[in-house]
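> Here the protein sequences line up with chains A and B, keeping their order.
Residues in the first sequence are numbered consecutively from 1, following the working numbering.
Residues in the second sequence are numbered consecutively from 1, following the working numbering.
Don't take every hint at face value.
What the hints assert, rightly or not - When the alpha-carbon atoms are kept at most 25 Å apart in a straight line, the in silico PhoX-like pairs for lysine-lysine are as follows:
no. : chain 1 : residue 1 : chain 2 : residue 2
1   : B       : Lys-552   : B       : Lys-565
2   : B       : Lys-961   : B       : Lys-839
3   : B       : Lys-552   : B       : Lys-284
4   : A       : Lys-246   : B       : Lys-949
5   : A       : Lys-246   : B       : Lys-529
6   : B       : Lys-552   : B       : Lys-424
7   : B       : Lys-565   : A       : Lys-82
8   : A       : Lys-171   : A       : Lys-89
9   : B       : Lys-125   : B       : Lys-109
10  : B       : Lys-172   : B       : Lys-424
11  : B       : Lys-125   : A       : Lys-246
12  : B       : Lys-160   : B       : Lys-125
Claimed, not checked - Only part of the chain B face toward chain A is listed, based on derived beta-carbon distances under 10 Å:
no. : residue
13  : Pro-94
14  : Thr-97
15  : Ile-155
16  : Gln-156
17  : Asp-159
18  : Lys-347
19  : Ser-390
20  : Lys-479
21  : Asp-940
To be verified - If you want the footprint, here are the derived chain B segments under chain A, 3+ residues with CB under 8 Å:
no. : segment
22  : 17-24
23  : 562-573
24  : 660-672
25  : 699-713
Everything labelled a hint here was simulated from the structure, so no lab data went into it.
This one's a predicted model, so the numbers in the text were calculated from it and none came from an experiment.
Virtual Cβ for every residue (Gly too), placed ideally from N, Cα, C.
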Amino acid sequence: MKANVNVLVLTGYGLNCDHETAHTFELAGGIPSRVHINSIIDESISLDAFQILVFGGGFSWGDDHGAGVVQAVRMKTNIGEKILDFISKGNLVIGICNGFQTIVNLGLLPGFDHDYSTRSVALTYNDCGNFRDQWVNMRVNPKSPCIFTKDIHTIELPVRHGEGKFFADEKTLHRLLENNQIVLQYATRDNQPANQAFPDNPNGSVLDIAGICDPTGRVFGLMPHPEAYHHPTNHPDWTRLKEISKRNQNPWPPETTMGLALFQNAVNFFS
Amino acid sequence: MPNQLEITLNPDLADAEGQKVCQKARDYFGFELTSVRTIHVITIDAHLTQEQLTAIRSEIFTNPVTQISSYSPLSIDFDWTIWVGFRPGVKDNPGSTAVEAIEDQLRIKLGPNEAVYTSKRYCIKAKNLTYDDVDKIAGELLANDIIQQWRIISIQEWDKLIGTGIIIPSVKLDYIPTVTTIPIDSDQTLQKISAERNLALNPNDIPTIRSYFLDPDVSAGRAEVGLSDPTDIELEYISQARSDHCNHNTFRGCFHYTDRTTGEKEVINNLFKTCIEAPTLALKEKKPWVVSVLWDNAGAGRFDSDHYYVITGETHNSPSNMEAYGGSITGIVGVYRDPLGTGKGSKLIMGSYGFCVGHRDYQGELKPHLHPRRLLDGVIEGVKDGGNKSGIPTTFGQVLFHDGYMGKCLVFVTALGIMPAKVKGMPAEQKKTSPGELIIMCGGRVGKDGIHGVTASSETFSANTPAGHVQIGDPYTQKKMHDFLLEARDEGLISFITDNGGGGLSSSVGESAEYAGGCQVQLEKVPLKYEGLNQWEIWISESQERMTVAVKPDHLDRFMALSHKHAVESSVIGNYTDSGKLHITYNDKTCAYINLNLMSSGFPQWQFDAEWISPETRGLTEPVIGEPRDYTALLLDILGRPNICSREWITRQYDHEVQGTSVIKPLVGAERDMNSDASVIRPVLHSEKGLAFAQSLLPAYSAIDAYHMTSCTIDEAVRRLVSVGADPDQIGGVDNFCWPDIQFHPKKNPDGKFKAAQLVRSCKALRETCLSYGIPLLSGKDSMYVDGHLTGPYGETRKVSGLPTMQFSVTSIVPDVQNCVTMDAKIPGDLIYIVGITKNELGASEYYEHLGYVGSHVPHILPEQFFPVYKTLNQAITQNIIASVHGIYRGGLGVHLAMKAMGGNLGMEIDLFQVPSDGVNRNDTLLFSESGGRFIVTIDPNHQETFEKMFLDFPCAMIGKVTETGNLVIHGTDARQILSASVQDLKAAWKRPFGDLI
């Protein structure tokens with residue numbers, strides 16, 4: 001029998017992707033709970049009961065003073081130790097969009113040398129100067145230890161952010177590359193590197209970085225939204241893909257979606 | 001001693017915000033700036049130690065990877081520096097979150113006189129700028145003097161140690177709140193005071209108000225609580241409740257309508273009752289899916305047996321016209337409180353926008369308060385922050401350019417929510433207050449902001465319009481409140497909920513008290529942003545992000561515990577009674593005591609003379625145009641017209657996929673850049689059911705007849721829904737009227753009678769079209785006074801009135817989202833059909849407008865003929881035999897064939913002589929007529945027989961094929977080729993005006 005995989009999806013203070021993130025984890029076979037940040041702080045909910053911790057998308061504290069910054073301050077001051085403990089037990093952490101910004105500000109990523117508290121990478125204002133909603137194509141690093149992207153080679157997901165430009169100094173980038181911690185990179189629609197060209201790389205991220213993981217592969221952060229692609233009709237081309245499938249007598253809809261597949265990998269990690 | 005922290009990006013990082021300023025300075029004023037760097041300034045007016053200051057600088061306010069910061073002025077190179085900060089009392093959202101972060105980090109609480117303020121400093125490098133140039137950049141690009149202040153310092157004047165200096169924009173009102181009584185010895189006295197205090201009382205209401213207070217029974221009752229003459233708070237309450245904005249006096253007015261040509265006369269008593277309420281109630285009888293209409297903050301329809309969706313639409317024109325960003329963000333965040341305050345509370349599931357502004361490149365001689373380009377940039381940004389930060393997808397939107405909107409812009413905002421059918425076993429759509437229940441105010445605090453907003457929107461914009469009513473919405477505070485209230489709802493803690501919008505507590509408490517039959521409010525319990533507000537100001541302030549909730553005393557503890565968990569402030573401010581009175585005290589002293597039934601009794605109905613002058617009598621005729629010879633050039637030029645061309649730059653700024661419900665996005669097609677006919681979401685994630693939504697706006701037709709403007713607008717909205725596969729039998733509508741002033745005045749509004757007649761005709765069309773199509777009006781609003789007085793080159797002012805405009809929003813159910821279709825041609829070889837008849841209806845068309853004409857043959861809608869076609873098309877879509885559908889809208893067949901071709905990135909071979917038509921023999925008419933009831937459909941050739949059989953009884957013909965060539969080729973009535981353009985050329989033309997904007 002498969003073990004129960006309990007997933008904690010954070011809510012409150014302006015976070016907003018909690019419902020669909022929980023729903024997608026449910027489709028993936030997990031048991032999600034939407035939990036207010038304050039319920040962990042006041043200890044009415046304990047992290048001990050969970051295997052996956054999700055820092056989801058949204059506008060925590062209105063994105064004021066840098067996206068994810070104030071959320072990181074609140075979490076670090078109040079439950080910083082608990083989060084470190086959670087990671088050290090071999091559990092999974094994923095930060096999506098605002099959650100990625102938060103875990104980067106917490107220092108959970110890049111997590112060099114088991115250091116989960118130093119801020120050494122940043123997500124800053126998009127080069128295009130604006131918030132942007134668009135679908136991106138990404139190449140997955142096959143050598144990355146990331147649990148979530150196992151057996152996935154390319155992936156399409158939407159980005160929806162104003163501060164998603166990944167930035168770090170040369171030394172840090174080199175280490176990320178060397179450790180295969182760069183998991184996702186923006187690509188053209190035919191899977192070539194975007195080479196920082198807009199709009200395939202929507203924000204000007206260095207090395208086209210869309211997502212990174214820690215050296216263990218258990219802490220993962222990405223700007224695009226996997227939970228926004230949990231249903232075939234979420235894809236921007238689905239009516240076209242459906243028509244083509246019909247004409248070619250191929251089955252429609254597909255069995256799974258890319259966003260769901262990421263979460264399935266996470267849930268299956270525990271079984 | 002206050003401290004000022006300056007933060008900026010590392011010098012080697014690009015400053016996107018600064019680059020934007022450079023670009024806008026070039027676009028707006030032609031100034032060439034070498035560079036602009038932005039500095040974020042945080043002014044901490046609190047007693048913190050050096051250690052604490054260091055900690056918050058490094059832990060909160062400075063990103064070690066990307067930023068540098070200092071408590072002394074940063075030495076960033078500049079020729080000019082501009083500091084921009086808020087004026088005192090203006091909502092500073094980042095200032096509030098800074099306080100939260102500091103308190104968290106340092107584990108302290110700031111004192112009542114401590115605060116944090118945010119501002120910005122721009123470091124401008126530029127050769128040859130004068131002080132006046134820099135002042136222009138500050139005042140017309142970076143700041144709006146209504147809400148912001150600025151300082152300009154040149155490098156020569158700059159003191160490295162002092163920098164900009166420290167400005168603390170705190171509100172200090174050294175003032176003891178007082179209640180003033182107002183003499184009512186004569187109508188004239190009251191009229192004079194109304195004008196002085198900006199009460200905006202209608203002169204016709206004044207005798208009723210006086211006779212109420214002079215009534216011996218009323219006087220005796222008042223004497224018992226220590227009152228005699230009315231107090232300011234009482235008159236403010238009456239003024240709010242009687243304002244056109246809250247009471248819809250115009251729509252409830254009596255219209256004396258005369259047709260000047262025929263001499264026929266008619267009296268229409270109450271447009272709302274006859275044209276909106278009556279048809280909706282009649283349709284509700286026939287349509288069991290209509291759950292709740294005409295009374296609550298939003299109307300409700302059944303989504304499935306366990307869920308109801310709710311919808312409403314608002315406008316926020318006057319505030320947006322003055323402060324585009326603040327006005328529009330307050331508008332969208334405000335309309336999102338309506339579903340939240342519908343039934344026992346609804347979760348927000350989507351929003352949409354409609355902007356009507358002057359031309360973006362307007363270079364005429366009139367001087368609006370904000371240039372249309374700046375105004376549009378501001379409203380786009382306001383709705384962006386309001387929607388995105390609320391976590392609500394913005395799935396649809398429209399922008400319309402017309403210089404008539406330079407007097408006052410229109411900002412339409414629409415909100416949809418969803419509620420469970422039952423809460424704790426009780427119907428979720430029902431709510432009431434009962435005596436003994438507590439009145440609780442949740443969310444933001446009350447300040448002077450928004451005072452007299454409602455009465456200001458009931459007036460024409462003038463130099464005397466008080467600026468104080470402009471405010472800045474705070475989606476963050478509201479999102480926390482939204483999450484909290486829905487959790488409280490699910491626990492059954494909410495008896496009644498409504499929002500604080502126009503009129504503030506005065507409206508929300510006043511209206512909710514009617515269910516219980518009275519209320520008692522202790523005003524001193526209302527939490528304030530700062531001391532020194534008069535009682536009447538607390539009562540009518542429109543400070544945002546507040547809801548009023550009725551909670552049973554037994555539920556109070558749990559309600560407050562949840563409020564605390566969600567970090568939302570909630571305060572008990574009184575209780576409901578059955579006294580029949582609105583009773584307000586301040587520190588135990590009565591300051592208002594009014595019979596609740598005053599509002600529903602005795603006020604005179606507004607009267608309007610309406611005089612219709614038919615288009616013929618006005619001398620409108622068809623223009624004399626010989627057939628064009630170069631249709632390719634003509635089509636390319638029309639595709640680049642401001643109201644046809646691509647506005648992808650706006651759509652992409654709005655998160656249209658949050659909540660994971662997206663099925664049909666606002667942008668579709670092979671290159672994901674074409675406007676979809678409608679949007680579809682899947683609001684219940686476990687269900688395959690969808691909710692489709694569309695809107696339309698066709699004010700151009702009002703130039704001929706507002707009747708046809710209205711019916712065409714409704715027909716377009718309906719066709720948009722049908723095109724994506726929504727059920728034509730479950731369409732709910734929302735009408736949003738925006739009209740110029742219709743009250744005749746020989747000097748101030750000499751054509752008021754005609755505008756009144758246009759409104760009457762529009763309402764009649766609304767009634768008749770909705771009845772024919774079976775569309776109950778789930779919600780609706782009106783905003784009158786779309787007029788402004790703009791200064792001309794000689795210092796004269798000119799009244800500019802907007803076109804009579806009605807935005808129509810529609811929603812319906814898609815039984816299975818997997819059957820939805822999009823507008824883009826899909827596969828080469830597919831057959832192209834036209835459904836519907838093209839007539840000689842070029843009046844007020846885009847084509848005529850392009851050539852400088854109005855004409856007279858405005859499209860006529862024939863619902864009885866059209867609707868069976870829509871039903872059949874819906875069946876065909878549901879049976880999966882259709883590859884794409886697109887309605888033919890503004891611009892006509894030519895434009896929309898191009899849209900389909902561009903959508904598929906495919907060519908088309910078209911024979912115009914095959915197009916089903918009635919009395920049309922010219923190519924330009926076939927290509928550009930805007931007749932209603934029409935669609936372009938593409939199908940797999942294998943479905944030809946099935947499709948043609950289904951449409952045997954309807955006007956429908958194959959007009960060509962989708963091709964691989966990538967060229968749109970059109971053959972004219974004589975079979976000769978008249979037009980050929982590659983999809984790339986079409987797209988280049990369509991994207992030319994705004995394609996380089998991001």
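> Hints first: check each against the structure and report whether it holds.
Structure-based check of each hint:
A hinted pair counts as satisfied when its Cα atoms are at most 25 Å apart, and Lys-552(B) with Lys-565(B) qualifies at roughly 20 Å. At most 25 Å may separate the alpha-carbon atoms for a hinted pair to count; Lys-961(B) and Lys-839(B) meet this at roughly 23 Å. Of the pairs offered as hints, the one joining Lys-552(B) and Lys-284(B) is violated, with about 33 Å between alpha carbons and a cut-off of 25 Å exceeded. For the proposed pair Lys-246(A) and Lys-949(B), the alpha carbon gap of about 22 Å is at most 25 Å, so the pair holds.
In summary, the hint linking Lys-246(A) to Lys-529(B) is not supported, as the alpha carbons are separated by about 61 Å, beyond the 25 Å threshold. With a C-alpha separation of about 15 Å, the suggested pairing of Lys-552(B) with Lys-424(B) holds against the 25 Å cut-off. Proposed proximity of Lys-565(B) and Lys-82(A) is supported: the alpha carbons are some 20 Å apart, at most 25 Å. A C-alpha spacing of about 29 Å is found between Lys-171(A) and Lys-89(A), which places the hinted pair above 25 Å, so the restraint is violated.
Annotation: proposed proximity of Lys-125(B) to Lys-109(B) is violated, straight-line Cα distance about 41 Å (limit 25 Å). A hinted pair counts as satisfied when its Cα atoms are at most 25 Å apart, and Lys-172(B) with Lys-424(B) does not qualify at roughly 47 Å. Simply put, Lys-125(B) and Lys-246(A) have alpha-carbon atoms about 59 Å apart, too far for the 25 Å limit, and the pair is violated. Between Lys-160(B) and Lys-125(B) the alpha-carbon distance is near 17 Å, which keeps this suggested pair within the 25 Å criterion.
For Pro-94(B), the interface hint holds, since its Cβ comes within 10 Å of a Cβ in chain A; the closest pair sits about 4 Å apart. Below 10 Å, beta-carbon pairs count as interface contacts, and Thr-97(B) has one with chain A at about 4 Å; its hint therefore holds. Restraint check, Ile-155(B) versus chain A: the minimum CB separation of about 26 Å is more than 10 Å; hint violated. With its C-beta approaching chain A no nearer than about 31 Å, Gln-156(B) sits outside the 10 Å limit, and its interface hint is violated.
For Asp-159(B), the shortest C-beta to C-beta distance to chain A is roughly 27 Å, which exceeds 10 Å, and the interface hint is violated. Below 10 Å, beta-carbon pairs count as interface contacts, and Lys-347(B) has one with chain A at about 9 Å; its hint therefore holds. Taking 10 Å as the C-beta cut-off, the interface hint given for Ser-390(B) holds, the closest approach to chain A being about 8 Å. Nearest Cβ of chain A to the Cβ of Lys-479(B): about 5 Å, under the 10 Å cut. The hint holds.
A hinted interface residue such as Asp-940(B) counts as satisfied when its beta carbon comes closer than 10 Å to some beta carbon of chain A; here the least separation is about 7 Å, so the hint holds. As drawn, the segment 17-24 of chain B meets chain A at 3 residues by the rule of a beta-carbon pair under 8 Å; at three or more, the given contact holds. Chain A is given as covering the segment 562-573 of chain B, and this holds because 3 residues of the stretch bring a CB closer than 8 Å to a CB of that chain, at least three being needed. With a threshold of 8 Å between beta carbons, the proposed coverage of the segment 660-672 of chain B by chain A holds, since 10 of its residues qualify and at least three are required.
For the segment 699-713 of chain B, the assignment as covered by chain A is violated, since 0 residues bring a beta-carbon within under 8 Å of that chain's beta-carbons and 3 are needed.
Consistency note: the structure conflicts with the earlier hints numbered 3, 5, 8, 9, 10, 11, 15, 16, 17, 25.
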